[in-house]
Amino acid sequence: AQSVAQPEDQVNVAEGNPLTVKCTYSVSGNPYLFWYVQYPNRGLQFLLKYITGDNLVKGSYGFEAEFNKSQTSFHLKKPSALVSDSALYFCAVRPMNTGFQKLVFGTGTRLLVSP
Amino acid sequence: AGVTQSPTHLIKTRGQQVTLSCSPISGHRSVSWYQQTPGQGLQFLFEYFSETQRNKGNFPGRFSGRQFSNSRSEMNVSTLELGDSALYLCASSYASGGYTGELFFGEGSRLTVL
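Chains as they are written, first to last, in my numbering: chain A, 1 to 115; chain B, 1001 to 1114.
Simulated from the structure, these hints should not be mistaken for laboratory data. Hints are not guaranteed to be accurate.
Some chain A residues near chain B, calculated using beta-carbon distances under 10 Å [stated by the list, open to error]:
no., residue
1, G43
2, L48
3, F105
4, G106
Keep in mind that this is a model prediction, so the values were computed, not measured. All C-beta atoms, glycine included, are put in the ideal place defined by N, C-alpha and C.
Take the sequences, apply the hints, and build the full model.
Next comes the structure, spelled out in structure tokens:
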């Protein structure tokens, strides 16, 4: 069975500083990996995904994520945080080679960017 | 237009039933439903593709769904319990075979059970 761990409930960073939100996964076979962001009282917005290829994936709003197969990690990063990045971030995994669209989500990490 | 869910908010009492609606992005044939609660996070309910349920999460039979020929989907919860209070999110995708794309989520239906 697949699973995702987001070890930090909250990450605090000052505006302008780099940010990292951690994610590790467990899945049989090769994974599809995703990051989503949720603003208060809103649905989930897609940020980026890893399917195959380059381990560094670039996404929306200046976010990027690095896939590390040996460490089974997919950490979300941004070089310079904005106050508007404050939100709830979810990492998700889906096994490759299945037609099903079920995603398994982590518990979420709240990012708080201070001015 | 994106994924549209209705109603956005609703309040029910224990024992009642509720039906939530989801209209996927035009051309998307897969609709999935997720329950989001502070305690359990995001939990997969079920996925429909071409009017057929092809995957189901670990929820009791009180939770059911269906998909229509136009890909619109509804989910129903019968005999509501307090623990059913949650944000119910619908997601759509083009989704066929080895589709690798992301899911597109609606804004959700927030259900409060009193």
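A quick look at each hint next to the structure:
| no. | hint | verdict |
| --- | --- | --- |
| 1 | G43 | 4 Å, holds |
| 2 | L48 | 9 Å, holds |
| 3 | F105 | 4 Å, holds |
| 4 | G106 | 8 Å, holds |
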